[in-house]
Amino acid sequence: MTMAISPTISPEIERHRTFDVDRIRNDFPILDRSVNGHPLVYLDNAATSQKPTTVINALTDYYQEYNSNIHRGVHHLSQKATDAYEDSRSKIGQFINAEKSQEIIFVRGTTEAINLVAQSFGRKNFAMGDEVLITALEHHSNIVPWQMICEEKGAKLVVVPMTDEGDLDLDAYRRLLSQKTKIVAITHVSNALGTINPIKEMIAMAHSKGIPVLVDGAQAVPHMVVDVRDLECDFYAFSGHKMYGPTGIGVLYGRKRLLESMPPYQGGGDMIKSVSFEKTIYNDIPHKFEAGTPNISGGIALGVAVEYLCSLDRASIGEYESSLLDYATAQLSSIHGVAIIGKSKNKASVLSFVLESVHPHDIGTILDMEGIAIRTGHHCAQPIMARLGISATARASFAMYNTFQEVDALVRGMYKVIEVFKQ
Amino acid sequence: MNELQTLYQDVILDHNKSPRNFRVMTDATNVVDGYNPLCGDHYKIYLKVEDDVVKEVAFQGSGCAISKASASLMSVIMKGKTKAEAEELFNKFHLLVTGELNPEANSEELGRLVAFAGVSEFPARVKCAILAWHTVHSALQGRTESISTE
Numbered sequence: 012m013t014m015a016i017s018p019t020i021s022p023e024i025e026r027h028r029t030f031d032v033d034r035i036r037n038d039f040p041i042l043d044r045s046v047n048g049h050p051l052v053y054l055d056n057a058a059t060s061q062k063p064t065t066v067i068n069a070l071t072d073y074y075q076e077y078n079s080n081i082h083r084g085v086h087h088l089s090q091k092a093t094d095a096y097e098d099s100r101s102k103i104g105q106f107i108n109a110e111k112s113q114e115i116i117f118v119r120g121t122t123e124a125i126n127l128v129a130q131s132f133g134r135k136n137f138a139m140g141d142e143v144l145i146t147a148l149e150h151h152s153n154i155v156p157w158q159m160i161c162e163e164k165g166a167k168l169v170v171v172p173m174t175d176e177g178d179l180d181l182d183a184y185r186r187l188l189s190q191k192t193k194i195v196a197i198t199h200v201s202n203a204l205g206t207i208n209p210i211k212e213m214i215a216m217a218h219s220k221g222i223p224v225l226v227d228g229a230q231a232v233p234h235m236v237v238d239v240r241d242l243e244c245d246f247y248a249f250s251g252h253k254m255y256g257p258t259g260i261g262v263l264y265g266r267k268r269l270l271e272s273m274p275p276y277q278g279g280g281d282m283i284k285s286v287s288f289e290k291t292i293y294n295d296i297p298h299k300f301e302a303g304t305p306n307i308s309g310g311i312a313l314g315v316a317v318e319y320l321c322s323l324d325r326a327s328i329g330e331y332e333s334s335l336l337d338y339a340t341a342q343l344s345s346i347h348g349v350a351i352i353g354k355s356k357n358k359a360s361v362l363s364f365v366l367e368s369v370h371p372h373d374i375g376t377i378l379d380m381e382g383i384a385i386r387t388g389h390h391c392a393q394p395i396m397a398r399l400g401i402s403a404t405a406r407a408s409f410a411m412y413n414t415f416q417e418v419d420a421l422v423r424g425m426y427k428v429i430e431v432f433k434q
Numbered sequence: 007m008n009e010l011q012t013l014y015q016d017v018i019l020d021h022n023k024s025p026r027n028f029r030v031m032t033d034a035t036n037v038v039d040g041y042n043p044l045c046g047d048h049y050k051i052y053l054k055v056e057d058d059v060v061k062e063v064a065f066q067g068s069g070c071a072i073s074k075a076s077a078s079l080m081s082v083i084m085k086g087k088t089k090a091e092a093e094e095l096f097n098k099f100h101l102l103v104t105g106e107l108n109p110e111a112n113s114e115e116l117g118r119l120v121a122f123a124g125v126s127e128f129p130a131r132v133k134c135a136i137l138a139w140h141t142v143h144s145a146l147q148g149r150t151e152s153i154s155t156e
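Here the protein sequences come in this chain order: A and B. With the working numbering as the guide, the letters of the first sequence map in order to residues 12 to 434. With the working numbering as the guide, the letters of the second sequence map in order to residues 7 to 156.
Don't read these hints as lab results, they were simulated from the structure. Even for Gly, the Cβ is constructed at its ideal location relative to N, Cα and C. Some clues are possibly wrong.
[Unchecked claim] Restraint-style ranges between C-beta atoms, simulated for each label pair:
#, chain 1, residue 1, chain 2, residue 2, range
1, B, GLN11, A, PRO50, 18 to 24 Å
2, B, LEU101, A, MET159, 39 to 45 Å
3, A, ARG134, B, ALA130, 36 to 42 Å
4, A, PRO40, B, ALA90, 51 to 57 Å
5, A, ASP43, B, THR88, 55 to 61 Å
6, B, LYS23, A, THR64, 43 to 49 Å
7, B, LYS23, A, GLU212, 44 to 50 Å
8, A, LYS211, B, PRO109, 57 to 63 Å
9, A, THR64, B, LEU101, 42 to 48 Å
10, B, PRO43, A, PRO50, 32 to 38 Å
11, A, GLY165, B, GLU91, 38 to 44 Å
12, B, THR88, A, SER344, 50 to 56 Å
Just need the whole structure built from these sequences, with the hints factored in.
In structure tokens, the structure reads:
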């Protein structure tokens, strides 16, 4: 069968072809496997990334060498586990340039981090008639927790609109920031369209009116250097499993002053200083927000994922990923009937698209038979789909271990899809 | 491409491209919505039932090739069936797409529906194939609320 792989490769792309992606691929054992008789082409990184050997080993190492509970044992293993867990917290704090490691709260993931802020900060600070300002680009996890608390408090959820290209309307944003706004919650990078929002500017605009800002960084942290002090955000939430760490562990960064002013999210062990039936004295941050035995192995392994990322040249990774996205955008756009969904000039690692007369699910199944893993559907962002008047897209999302050859495989896969549906 | 050909049979591709009875029915006796929230597939199914016989089936909506072809073929095959026969067919189809019914041994009853036997090899797509059927099943039981596959 003939293929229309464009022969025009810019010198820029050619330069990145020499990026040592093989060395990175060697660190991820799963990339060697095959699926349905083809080498795995994993392009579902926005859903979850694969894990390097060091992270996988950190998990087994904990269970084989020093499994025990933390913050309470006097014995050797408990001390070792506590040290490893708290070391990891410090590493993560440095990774995002938090001022203090106490500002790092371990949670299950971005979703739990946002729920924590909604239920704790929101319950304390929202009242009837107040507003929570989110954007049209949010994942359900940055919509529903706010809806829940707004309903409880009689507050209103207000949404910053977006353009057809998938960029936020900043003029509208400026207008919507008001005395009633109690918090702004925005995604750093859209999981459905890949848009990188100008969050530093948006945070400054909110702060000029004294409004705190929560940033959903789930799709940003794996792809760019995040500095919470440079951004001046008040809360920053992200998940371990999208940044080469394990599932079930994530982080809520919050400014110390804010976290200290907030009531606990859940009650239980570890979050207390003393308990009697009459009164309980809560522990200091971060422990105040970490009730119960946490995901110890996950917390430790997330620290290892952070170390792994820091051992790489992150600037060149960013450039490489960006050239991969440009190449994939150009190649897919050249296929007759394909339309790219989300055309912001600032995008990261996400390529959503549709093919004329073929539903994304059928694309997903046919690509899977070629060993190519993509996501299809609404990407937990139904309001975006509704705004664009579509029910679903196919989404290829890239990580630093993906290659230009894998993009070519995706393009060949798309020609298979067209062949199946050609009649 | 073997497995794919098993899933995307010509009958399925044909009904996807040119769905039969794809229209609004103004004199329907039962109208029920069927959703698959996971993928956003959504169909509105219209039935005209008289004297316990399904006189006509029509549908509207959107979804993947499997769900659309399944709704289309169902609308053709259900026509003229008694309620009891329709229920029996629903059960058979359910067993077929979940791999619990031998298509060869039941080919006479199943007719063109045999084309959906391959779905059982694709567990993620079973819900697509069964969506319209579940919706009709509920409608025949007199329910009017939306049907969800979740």
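So which of the earlier hints does this model not fit?
Violated hint: only 11; rest satisfied.
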